[in-house]
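Make a model of the complete structure from these sequences and hints.
Those sequence lines, one after another, are chains A and B. With my numbering, the residue at position 258 of the first sequence is 258, and numbering never jumps. With my numbering, the residue at position 216 of the second sequence is 216, and numbering never jumps.
The hints are simulated quantities; they were obtained by calculation from the structure and are not laboratory data. Do not take every clue at face value.
[Unchecked claim] Straight-line distance between alpha carbons at most 30 Å, and here's what the computed DSSO-like set of lysine-lysine pairs gives: (1) A:108 with B:329; (2) A:108 with B:102; (3) B:178 with B:72; (4) B:38 with A:108; (5) A:318 with A:276; (6) A:195 with B:329; (7) B:178 with A:39; (8) A:108 with A:22; (9) A:51 with B:72; (10) A:195 with A:22; (11) B:178 with A:51.
If you're wondering where the values come from, they're calculated on a predicted model, not measured in any experiment.
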Amino acid sequence: MAVITYREALNQALREELDRDKRVFIMGEEVGYFGGAFKVTDGLLAVYGEKRVRDTPISELTIVGSGIGAAMGGLRPVVELMTINFGLLAMDQIVNNAAKMHYMFGGKARVPLVIRAPQGGGHQLGAQHSQSLEAYFLHCPGLRVVIPATPADAKGLLKTAIRQQDPVIFLEHESLYGVKGEVPEGPEHLVPFGKANILREGKDVTIVAYSKCVYDALGAAEELENAGIDAEVVDLRTLNPLDLASLVESVRKTGKAIVAYEGWRTGGAGAEIAAKIYEAAFDSLDAPIERVASLDTPMPYNRHLERAVLPSVGEIVKAAERIA
Amino acid sequence: MALERDMHTAQHALLTLQETQLLEFYRRMLLIRRFEDKTAEMYARGKITGFCHLYAGEEAVAVGAISALYDKDYVVSTYREHGHCLAKGASPRVVMAELFGKVTGISRGHGGSMHLFDPDLRFMGGYAIVGAGLPVATGLALSVQYNEGPEVVCAFFGDGALPQGAFHESLNLASIWKLPVVFICENNFYGMGTMVQNAVSQEELYKFAVPYKMPGVRVDGMDVLEVYGATMEAAARAREGDGPSLIEAVTYRFRGHSMSDPAEYRSKREERIWQERDPIKLMHRRLVADRHVAETRLEEIERQVAESIEDAVRFADESPEPPLDDLGKGVYIEE
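Rendered as structure tokens:
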């Protein structure tokens, strides 16, 4: 297996799907001549041309809305929002249209649209460019929420997203683009939605994570091992659908759970995940579920303050020591 | 000027179109009017609930524009959409059943008055957020252009959508990509109760075509032939690959914004003036005076329309409710 970056894995997925299906096209701000603000679409314009790699004006609402229309018209649009922060301008189209149309129109509408967007903090980009907004989309029925941590999953989940029928919010973490990992070659590497990945088996505590926090969870597990605590690390991969069965199975074994995520603590995806574990496996829990998340504050610019706001390996370790 | 030119177009259409086509315009407008009258009655009787925005008075816009399209052309609408949906060929039965919330409705009772949809008719939905259908229409047009198809997309919206970002973003994108869209603004002078001049800096709405470098015309939206002529021209242009157009159809809703609105912000005098310009009465006069159509033929159409509306109500009333067993299903295609 080739070792490539998360960014290259996404680029590979796009190339393979553009090759496989003529209906697939990419549209967004700076995806063409600039090569993508984070270089995910780098080199695609030269190969696939302006028809299939389309630079758009800065009009997020209409980029997403016209992606919806194009999907209804039989195409397979992959829309890139330069960052999820700008996606807030498109919330009406995402929530009121994409998410609802299949149900609201009596099952007759199909919106096979993929909306890709980088998110997350850690680069001193300030309050408006450092958010993790997955909970907004998780809250809304009708959207699939996909949030890969590894290069292999970035590729396999994006390909699955492009091939399936429902609107997908595909959230990439800005800190992960340079992360390297083994990625299966060949165009049929597909990762199914709703199947969590047990990255490390353990018997004392379950650390549930997704996106960048998966790496924090793995780092914490290593430290905990030295302290004699055997942690299991579960990468959710997709928040909707949620692989609750795997979580319950893990918690039945360990009796304790930590949910680690970069969104704000209040009303974050971790709250929902914890609630679902309580509902399904309360009798197996030996301690309250711990949440490790971002502090409830707009992201400060200062490096030290930003680090203190974000969840960390140390906080996960502390949470584990409290309950394990 | 735009108005003069289009009056000429309308007169030309009146004299040159086949009588069957003119009668079809009349029939469709009448169908919409009687449908809306019946809808108001059913609403008052509690058979229809929720928000319900009637199209009475504006029939010439939907019928004129949609008659200028082919069946395969797309229509995107708003929450005031019964007229567009019927004009695109939906059976009054399935529209009325939807208003009744029945499983036989065009959206299986999931949508209601504001969310009618039928891809087979290429009626691509009613959108209940002002302006939100415009990006969708733009994207449908992109799919047509991408596939090098012959279709055009006709997007209806009200004057209330003009100040929305979605309007400006969509016209801009459609223009730079030369997409086959006909943007049809139904200017009925009020966004709910707010007069257009209190909401839009340029109240001659068709002039918004200028910054977006597309043709813009204002037509009399009470004259089905004017709307028809302007849409023919815009659709032909779109089909040729020359890009979008903006048509402002000046019209008037004979009822309030919705069923719960008595429209007290409008004067009775103003309403009377527009009632006299009733698009159906205008067409009736023309058919009799200019084309010498026998009154009995128009009466026959009236009778047929009345029958189909009665049939639609009976169908809706007798149809079953959506089953509770299905609740929670159908949110995703791939469950």
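Hint consistency between residue 108 of chain A and residue 22 of chain A [alpha-carbon to alpha-carbon, up to 30 Å]: Roughly 23 Å between the alpha carbons, so the hint for residue 108 of chain A and residue 22 of chain A holds.
Satisfaction of hint between residue 276 of chain A and residue 318 of chain A, Cα-Cα up to 30 Å: holds (23 Å)
Holds or violated: residue 178 of chain B to residue 39 of chain A, with C-alpha atoms at most 30 Å apart: holds (28 Å)
30 Å limit on alpha-carbon distance, applied to hinted pair residue 38 of chain B and residue 108 of chain A: Status holds; Cα separation ~27 Å.
Pair hint residue 178 of chain B and residue 72 of chain B, alpha-carbon separation not exceeding 30 Å: holds (20 Å)
Proposed proximity, residue 51 of chain A with residue 178 of chain B (alpha carbon, max 30 Å): holds (13 Å)
Restraint check for residue 108 of chain A with residue 329 of chain B, where alpha carbons must lie at most 30 Å apart: holds (14 Å)
Holds or violated: residue 51 of chain A to residue 72 of chain B, with C-alpha atoms at most 30 Å apart: Measuring from Cα to Cα gives roughly 23 Å; hence the hint holds.
Hinted pair residue 195 of chain A and residue 22 of chain A, Cα distance within 30 Å: At roughly 29 Å apart (the allowed maximum being 30 Å), residue 22 of chain A and residue 195 of chain A satisfy the hint.
Hinted pair residue 195 of chain A and residue 329 of chain B, Cα distance within 30 Å: Since the Cα atoms of residue 195 of chain A and residue 329 of chain B sit roughly 21 Å apart, the hinted pair holds (cutoff 30 Å).
Agreement of residue 108 of chain A and residue 102 of chain B with the hint, judged by alpha carbon distance not exceeding 30 Å: It holds: about 16 Å lies between the C-alpha atoms, which stays within 30 Å.
In summary, the structure agrees with every hint in the numbered list given earlier.
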